[in-house]
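Please work from the sequences and hints to get the whole structure.
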Amino acid sequence: MTYEGKALGGKLLTKPFWVLLGFAMIAGLLLIKRFLFGIGAVTNLSDGYPWGIWIVYDVLVGTALGCGGYSIALLVYIFNKGEYHPLVRTALMTSAFGYTLAGVSIFIDIGRYWQMYNVFLPWHININSIMFEVAACIGAYVFVLWAEFSPTFMEKLKAHDAKKKMNKIIFIFIALGVVLPTMHQSSLGSLMIIAGEKLSPIWQTGWLPLLFLITAISMGYAIVIFESLFSAVALKQPLDDTPILGKLSGIMIPLLLVFLILRFGDLAWRGQLGNIFNDGFLGTFFVLENILFLIPIIMLASAKNRMKATTLFWSSGAMLLGGALYRFDTFLVAFNPGVGYHYFPSASEILITVGIISVEIMAYLIFVKKLPVLPAVNPS
Amino acid sequence: MNLERRDFLKVLSAGALTAGNVTSVFAGIRKTLSPDAVGILYDGTICIGCKACEAACKQYNDMPPESGSLEKANGVDGIWDASYDMSEKTLNKIKLYEHGDASERNREENGFAFVKRACMHCVDPDCVSACPVTALTKNETTGIVEYNKDACIGCRYCMVACPYNVPKFEYAKALPEIVKCEMCAHRQVEGDIPACCEFCPTGASLFGKVTDLMDEARKRIQLTAGTSYDYPMRDIESGDTSPKTVAPYINYIYGEKEGGGTQYLLLSAIPFSKLGLPELSETSSASKSEGIQHGIYKGMIAPIALLGGLLYGAYRTTNNENSEG
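Going down the list, the sequences are from chains A and B.
If you use this note's numbering, the first sequence closes out at 408, no skipped numbers anywhere.
If you use this note's numbering, the second sequence closes out at 393, no skipped numbers anywhere.
Errors might be hidden in some of the hints.
[Stated by the list, open to error] One-sided excerpt, in silico: chain A residues whose CB lies under 8 Å from chain B:
id, residue
1, Phe160
2, Ile200
3, Leu393
[Unchecked claim] Stretches of chain B that chain A covers, calculated by requiring three or more beta carbons in the stretch to come under 8 Å of a beta carbon on chain A:
id, region
4, 282-291
5, 295-301
Derived by calculation from the structure, the hints in this document are not laboratory data.
Glycine residues also receive a C-beta, built at the ideal position from the N, C-alpha and C atoms.
Next comes the structure, spelled out in structure tokens:
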């Protein structure tokens with residue numbers, strides 16, 4: 029079952045593309061300001077809120093949205109579900125973009141970026157630091173993702189020998205491509221354990237790594253479904269994938285059930301369930317989060333519903349929003365450093381994030397139009 | 069081919085297995101004080117709020133005065149120091165508690181009191197555990213939490229980790245650093261004591277070995293209010309004292325147990341929660357975070373076993389693909 033990919037072709041410089049380019053250029057100008065005058069010149073970050081949307085959206089949510097490659101690889105190569113193979117390439121590509129741009133965002137966000145490589149120098153690293161684990165794993169995974177995706181380039185360049193050789197050793201990258209995200213997606217949750225009392229007890233728990241891992245895998249399936257349907261409509265492709273996406277969507281149900289049992293069980297165990305009602309503001313966010321997780325469970329419960337493209341679209345959308353909100357809550361909304369500190373992103377901060385997302389979509393358009401990424405449509 | 073939920077349960081159980089250590093890792097106090105550890109005992113009851121410590125701190129650490137919008141509007145920018153809190157330009161800060169008509173010092177109701185904030189130099193510092201590149205270290209002898217800008221990448225995880233919000237970041241600079249009190253380590257190597265203690269006119273900031281300071285603090289909270297006591301000045305080993313009337317101490321030493329203990333200890337006549345000091349558990353957050361992380365990654369056995377299984381699975385699948393293709 030070798031994979032048949034096909035470049036979509038067509039005009040590249042469409043109107044939406046120019047709009048995206050505009051956003052990217054605004055972000056570019058703001059970045060010049062950031063590097064000349066410091067992080068304070070473009071962000072609302074403070075000593076109480078040292079992390080803002082660049083970390084929480086671009087890195088935490090961005091890499092979770094980049095878990096498609098990981099989640100599908102888990103199915104195809106580990107559980108031997110070859111039927112999902114047509115989804116691998118697009119999933120890997122989105123993952124490669126998501127993670128690469130998360131890496132770029134980290135470079136923009138950290139203050140002493142010219143010393144960033146210290147994270148990889150054995151005499152500097154601190155193995156007690158969750159941040160070290162996250163940084164090293166994400167760095168390695170960006171490399172692994174592009175290696176996994178490289179056969180697509182080789183196909184385009186007609187480098188058949190190279191592709192054959194790569195295919196012989198690709199299993200190493202595939203295996204690493206599952207181990208590394210398992211490690212860092214859980215550790216991204218562990219990052220907040222050390223924030224201790226600064227994080228609301230509704231979110232602060234020793235189970236953060238497992239809760240983050242489960243939502244990351246679920247978001248991986250959701251993004252593959254969401255993106256396939258969205259791009260099929262936007263790029264005017266037939267909705268051929270719906271049956272396989274429907275099947276894929278069913279996996280989210282047990283994952284989300286385990287998540288909710290763990291989430292509520294942990295709150296009950298620690299006697300924190302009542303706290304949800306004590307704080308109206310945080311309680312609202314908690315309820316919203318869990319409604320978003322319940323939507324896919326309910327909508328996808330019947331196998332018949334799973335075969336409807338609209339059901340798939342909205343349920344996977346809810347899953348992505350729920351996972352994103354869980355991350356925003358854990359890192360920003362429920363994080364309270366003390367009296368006098370507030371955070372809401374500045375316009376420049378938001379525009380830089382919008383610019384990064386624009387670059388990602390532009391790269392997606394270039395890749396699907398020029399490279400054999402999307403599944404070849406069967407003439408029969 | 070039907071999707072088998074069993075397979076996913078396998079993955080989940082592997083995850084649950086690795087997280088299974090969660091409950092067993094809150095192991096309690098794991099780091100102890102070095103016998104030569106030095107610290108500062110700040111007694112808010114004898115502090116007069118003169119801010120000589122702030123001025124001395126700025127002078128000996130080459131920190132500029134701060135000004136707010138008010139000073140700028142009046143054209144007196146930089147003439148005096150008007151910092152609002154600890155910041156990237158202010159390492160220690162005297163703060164005032166005020167209630168009602170503020171008619172009496174060291175009284176909670178209708179009274180006022182002072183508190184000095186600076187780095188607590190924790191026995192088991194969260195910032196040191198958090199730093200990915202060992203830019204923050206705890207000196208093995210003195211216990212001072214020191215910063216090395218040549219290692220720092222500016223990720224600001226130390227700021228997220230610190231329960232006291234002590235590490236500050238130079239947001240206004242293109243080439244920023246993390247800034248924090250290092251207990252005048254540069255003065256201590258010359259045989260001097262921290263500037264804030266050296267120039268404190270009342271002995272409110274007292275330097276010494278943490279064990280000596282702890283004994284002194286225990287003694288003070290047992291004193292009877294209204295009696296006279298000879299308060300040591302500057303350095304507890306100097307022998308200099310100054311007699312003062314004892315205030316009604318709260319029977320609590322802040323820093324004895326907070327987050328596993330600190331080398332900066334505080335005494336007060338009003339509750340510490342009113343002074344903006346956080347209520348913390350008796351173990352550091354670092355001990356929880358490291359406990360879970362090292363539980364999962366013990367000897368790297370779990371990741372290596374996972375990698376082994378995955379290498380086999382991926383090899384099997386791709387091998388089939390290659391031979392079929």
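Here is what the structure says about each hint:
1. Phe160: 4 Å, holds
2. Ile200: With a minimum Cβ separation of about 7 Å from chain B (threshold 8 Å), the hint on A:Ile200 holds.
3. Leu393: 29 Å, violated
4. 282-291: violated (count 0)
5. 295-301: n = 0 at 8 Å, threshold three: violated.
Checked against the numbered hints listed earlier, the structure breaks hints 3, 4, 5; every other hint is satisfied.
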